[in-house]
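Residue numbers (my numbering), protein chains in the order written: chain A, 1 to 305; chain B, 1 to 305.
Think of the hints as simulated: they come from the structure by calculation, not from any bench. No experiment lies behind these values; they were computed from the predicted model shown. Ideal Cβ placement from N, Cα and C applies to all residues, glycine included. One or more hints might be untrue.
As the list claims (entries may be wrong) - Footprint (simulated), chain A over chain B, 3 or more residues, beta carbon under 8 Å:
1) 115-128
2) 204-215
3) 248-258
In case you want the letters, here they are:
Protein chains: 2
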Amino acid sequence: MPLLIIGSFALDSIETPFDKVEDALGGSATYIALASSYFTSPVYPVGVVGEDFPDKYLQMLEEHNILTDGIEKVPGTKTFRWGGKYHYDLNTRDTIFTELNVFESFNPVLTGKARKSSYVLLGNITPSLQLKVLDQLENPKFVVCDTMNLWIENNREDLLEVLKRIDVLIINDSEARLLTNEPNLIKAAAMIRKMGPEKLIIKKGEHGALLFQNNTIFSAPAYPLENIFDPTGAGDSFAGGFIGYLHKTRDLSFDNLKRAVIYGSTMASFCVEQFSTKGLEELDKLQIHDRFLEFRELSRFDDDE
Amino acid sequence: MPLLIIGSFALDSIETPFDKVEDALGGSATYIALASSYFTSPVYPVGVVGEDFPDKYLQMLEEHNILTDGIEKVPGTKTFRWGGKYHYDLNTRDTIFTELNVFESFNPVLTGKARKSSYVLLGNITPSLQLKVLDQLENPKFVVCDTMNLWIENNREDLLEVLKRIDVLIINDSEARLLTNEPNLIKAAAMIRKMGPEKLIIKKGEHGALLFQNNTIFSAPAYPLENIFDPTGAGDSFAGGFIGYLHKTRDLSFDNLKRAVIYGSTMASFCVEQFSTKGLEELDKLQIHDRFLEFRELSRFDDDE
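All chains should be modelled from the sequences, with the hints used to inform the complete structure.
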């Protein structure tokens with residue numbers, strides 16, 4: 001069964017203190033699919049693009065063995081465009097413009113193949129669309145979901161419905177606090193897990209990530225990057241590495257989930273080293289495993305007794 | 001040779017969202033000495049208190065095998081007092097008042113025993129006093145130094161002199177950024193190490209701590225505390241656990257420094273679980289080692305290949 005990914009395909013215009021690009025490949029489904037493609041196949045992203053979406057981008061995805069027949073090109077429309085500018089410390093960004101275009105009427109209708117998927121990544125789209133996808137799944141075994149502050153604030157009811165029907169929620173620390181109105185992340189995590197998802201991942205940017213399940217917590221370090229060129233897509237790359245590794249190994253034990261979190265962090269670290277999707281386009285498995293081992297060395301310590 | 005600790009003794013008035021106390025035992029030397037006393041002896045703090053400093057506090061320190069003859073009680077003076085109020089999220093605090101009192105004329109003159117100390121913890125006092133202490137040391141082998149935003153902003157030249165003469169600087173992330181004007185912590189760390197200290201620890205509060213030496217980084221997780229009652233003294237407890245463990249083991253290898261960072265984090269986690277120094281007063285070695293092992297479980301993951 002393919003790894004099903006629902007999300008956006010976009011053309012991003014990004015400015016950082018180091019450089020700027022226009023109409024570069026972006027979108028949550030793009031990053032998730034690319035990151036997961038290094039671990040497993042078939043990867044099956046579902047989304048929409050406009051007539052102006054360059055064929056070369058589809059070709060690049062296909063070269064990563066990503067199935068592209070779930071990416072609908074709608075005649076007479078333009079692709080979703082996002083423009084953002086990152087500040088000096090790269091931790092904050094301003095959205096310069098958002099042109100939803102064809103994405104505004106995105107209505108994910110799954111093909112028979114997609115409906116049978118048991119591993120599903122619901123990228124960051126409106127909770128009502130995430131629910132539509134959930135309704136079409138015939139045998140959801142492991143559903144991972146991303147969301148954002150906008151939906152937490154404006155679409156809370158739909159989001160709470162989604163939370164009841166997923167296995168893993170991936171959000172960042174400020175979103176966890178926003179969702180629960182609780183500043184302590186450990187308490188916030190317990191509250192979110194009561195809302196539905198058995199497993200929760202809280203991403204903390206330069207401070208790593210936390211994985212919660214039952215009364216167990218795993219604290220993953222952040223890769224010490226001196227030069228972050230473009231943070232766009234880091235969260236999606238994390239999600240892609242995480243679910244891609246689990247889709248390959250089919251092992252949902254806590255020990256394997258930990259490894260999946262580290263592979264997610266690994267893919268995020270590669271992502272931000274270059275603009276747009278460039279950091280995810282030319283990797284190989286050895287490189288990825290080497291970085292996994294670097295993560296281990298970074299956080300490993302022994303008892304002396 | 002004793003573990004020499006220079007710092008403040010204070011009477012703290014603290015308000016948190018949970019409770020408030022007045023004239024509770026505080027001060028950097030207090031927390032450092034208490035935390036280190038669980039690992040090694042003799043612990044020899046040097047500081048000043050006023051006539052009003054309760055004997056029971058000195059007795060409590062002595063019950064932890066801490067030598068108190070370096071704590072000078074100056075007749076006709078009052079003890080340093082600090083009042084602070086923590087906000088809802090406990091990450092920010094307002095200083096309500098600072099009464100330096102006897103601490104204003106603190107002039108650390110070391111006895112012969114203290115001058116011979118090879119392991120020294122320079123707590124958070126003005127860099128000019130830290131330099132005075134350094135000038136009196138006959139055989140400094142391992143000097144650990146704490147500082148704060150106030151000295152970085154107002155006493156920069158003296159602080160830069162101190163940095164040239166110490167082995168480890170312990171600061172928090174915002175202080176590291178302030179000292180270097182560099183938002184990226186990895187770059188900031190390299191810049192600080194060029195200022196002098198071979199080893200650097202950057203504390204990140206709820207996100208753990210980073211240890212830097214040569215081209216190696218160790219990322220220590222934070223203990224997942226649901227209830228932080230009083231963050232006062234967390235940084236000093238960290239420093240005390242760190243140097244106390246190293247003073248005991250006399251092993252400055254990177255692997256042992258990692259363990260020392262975890263023991264520092266352990267003591268900080270105990271500290272913030274209760275008001276004032278209460279969290280550090282009734283521990284035992286087994287409890288401390290158990291929490292050390294919890295830290296290990298929190299961050300441990302294995303390769304699958």
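Hint check, failures only
Checked against the structure, the only hint that fails is number 1, while the rest are satisfied.
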